[in-house]
Amino acid sequence: MDKNKEVWDEILGEIELEVSRANFLTLFKRTALLSSQDGVLTIAAPSIMIIDLLQRRFFDIIKKSVDKHVGEGTEIIFVPKTSPAEELRASGPLFETSEKTEAIVGHLPRVRPDFTFANLAVSSTNQLAYVSATTVAKKPGVTYNPLFIYGPTGVGKTHLMQAIANEVYQKNADRKIIYITSEEFTNEVVDAIRTNSTAQMKRRFRNTDLLIIDDIQFVAGKEKVQEELFHTFNILVDNGSQIVLSSDRPPAEIKKVEKRLMSRFSGGLTVDIEAPDFELRTAILLIKAKKYGFNLSMEVAKTIAEKEQDARSLEGALLRIMTEAEAKGVLIDSSLAQTVLEGKSAKKTYHPDDIINNVCAYYKIKPTQIKSQKRDASLVRARQIAMYVLKKDLDLTYVEIGNMLGGRDHTTVMHGVEKVEKMIETNGLGQEILGIKNYDSGKLADY
Amino acid sequence: MIVTLLTDNLRAKLSFLNHAVSPNSQLEILSNFFLKASKGKLTVSATDLEIGLSSSVPANVEEEGETTVPAKTFFDLINNITEEKITLKTKGTNLELTGKKIKMLFQTMPPEEFPKLYEEKGEEAAVLKKELLLKDFNKVVFSASADSSRPALSGVLVRKEKEGFLIVATDGYRLSLKKNVAFETKKETGIESLLLPARVIRELLSIKQDEDIRLNVSEKSNQAVFTQGETVLVGRLIEAEYPNYEKIIPTGFDTKTGFDREEMHKAVKICSVFARETANIVKLSLKKDKIVVSANTPSVGEDTVEVEAKTTGEENEIAFNGKYLLDFLSNTEEEEVVFEMSGPLNAGVFKLSGDDSFLHLIMPIRVQG
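Chains B and V, in that order, give the protein sequences. Using the working numbering, the letters of the first sequence map in sequence onto residues 1 to 447. Using the working numbering, the letters of the second sequence map in sequence onto residues 1 to 369.
Read the hints as simulated data drawn from the structure, not as lab findings. Treat the hints with caution; some may be incorrect.
The following residues of chain B were derived to be distant from chain V, with all beta-carbon distances above 12 Å [stated by the list, open to error]:
#1 G39
#2 K176
#3 E227
#4 D277
#5 E324
#6 Y398
#7 N403
Here chain V is said to cover these stretches of chain B; the calculated rule only asks that three of the stretch's residues, wherever they fall, bring their Cβ under 8 Å from a Cβ of chain V [to be verified]:
#8 20-29
#9 49-60
Straight-line distance between alpha carbons at most 25 Å, and here's what the computed BS3-like set of lysine-lysine pairs gives [as the list claims (entries may be wrong)]:
#10 K116/V to K64/B
#11 K116/V to K81/B
#12 K247/V to K266/V
#13 K247/V to K291/B
#14 K29/B to K116/V
#15 K290/B to K247/V
#16 K269/V to K256/V
#17 K29/B to K220/V
#18 K266/V to K256/V
#19 K36/V to K116/V
#20 K72/V to K422/B
#21 K422/B to K269/V
#22 K288/B to K364/B
#23 K269/V to K5/B
#24 K29/B to K364/B
#25 K81/B to K220/V
#26 K269/V to K328/B
#27 K100/V to K41/V
#28 K323/V to K290/B
#29 K419/B to K269/V
#30 K323/V to K256/V
#31 K81/B to K160/V
#32 K323/V to K291/B
#33 K422/B to K323/V
Every residue, glycine too, gets a C-beta built ideally from N, C-alpha and C.
With the sequences and hints as input, model every part of the structure.
Next comes the structure, spelled out in structure tokens:
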């Protein structure tokens, strides 16, 4: 297979020199060599129309090149077939989730079923916390009790704690598990006192196998709540039930907490999670993308991870890019990611001349031509695309763009931009524009 | 070539033939119509190498011949002239169009450069009724993917079943399925399973003619040729393997509800305005006697619209991409819609009241809280 591709690439390389760029892109680009045996070369092309043109108008050129590379007198056959490279792509989330969702049998209140150890990205910044959490989940109440996890916002504390809950629940659905934030805990205590049902509340909390309290720092200064927590704590530890707590700071730094409760907090294992490093951010993106059914490439993930430092904003950035790709009907690549993310922050990263040069290089025209007063169809099209990219990427004014492209009126520029927008909607020009943005302007040197 | 014909006839054909022209193709010949005059008719063809369209109009042919004409210019002119009758005549490399009061000269390209639309039509596989095509395919085609880099999903699957045919389209986020589609097929050449590009079906629906449509399939050319009266539409068959849609159709549900399609359509439209900046997320809360449709954008605001509904089973919540909901609600015409779901993470199922042959699936969006 690879051998065929090699041979065909060589032949195409030679043909490219002989035919016009337009012909090469539309007719030859999507052909492939299917097989080459017994002096017969079978070539795949996407449609009968293309085959007809190849056979009637370019047969001599193809034949010449084939003779040279494969051997004189080789027979050439065309078959209508999409080239194999075009096939085989993921089918989308509708087809992936069906098995996954079957695995989850019901789930805990307040706990997200997708927060599991399996889709938690681990790196040096959260390695210790991860290991302790998995240990606790394996043997609740036995090893580290309580487990106290602290770290700044958006590093995955909640994910880790809910993963413990999910893991314990998966193994034994009969276990009594409570996941609660300290604010909710406070509310329950207050409610119980108000409705005179403290006994019921006590029974609920003191009868669990696993109690997880998120953001425990908020109990600071609430005496009655702390007292309730203290007693619950003692009973649970005595019963061998597991307690997991989280906070944005280490226990010693939580102010206005009674000494006796404080000592209970740090009586087990205290671990911290640091802000995620670049590698972890990349891994998080890949996991999140998979959750949404997108096949995010490593390259794009890196681009996003470089731009977004905060773990929580990663998902937002990813969503924006996915929405944009869907709206424009293009594939996600790093240039799209760049465009979307830069749209949020600073826009001006390219120099306008770079863009003009890129467009020129792509269409094989000279920058002086694009700025000239000539109105050949091919020049006009390239010029309008340049206008569009300058407007959308750099957000220059119509007047500025007009000046840059040979002193054109701003209404001409507005018309050009609108026209390209329309073409993107109707003709999938978006791909071509992405191609232009990625185009290696170094090729300009040939001219 | 010298032909005389009625402008109105030509105008009617160009309105859809125009769809196959690729005005911005790098290959100039593809921005042209191919004209051929022979045996009392003028045949006009256009192709963008993906699909090909051709149709003919009755004409008084004085001299047979072929030529090409720039499609956009020709189309615009024919649409604007008021002359009842026109004459087309080749003059060297030009084409001259004359009427009572007008005279135009077009630059042409050598007709040999224009690709042939098909080698052979292939075996006749089925006959389709136009109104049936409109009714059944309209409900399905919109679910196909516009992304041609996933070939299988950009197509509509037509598969023979015990009773009639089944058509399916999906883009991986939603799926439409219609059973019991009545095609007339010939026994010996009947089709088992075909994957047709959604675009070909869309073009087929846009041909404004009412005759029955004949479908020919040529395995050798890997082509499907639709013939309706004197109009021919050519598209290639997609070879990719279609995903296993059967396994993702839910068998049970926790909650079932029924509502008026129009009312829901309006509600989702309203909520879509607020959902614009949050990936189009529109939430449905299923209550006993109503569905609360809601959307919010933190920086803009939020809204809720209530839709009357009859719900059985547990109350539930689910969120969808509003665009998908609108696509479904606007491509069906039935009054009552039934919706079934089990959990906010499983695909939601839309059915048409009293019709077991159709269903539409949409993958929900996970939302927190």
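Indices of hints not satisfied (ascending)
5, 12, 22, 23 and 29
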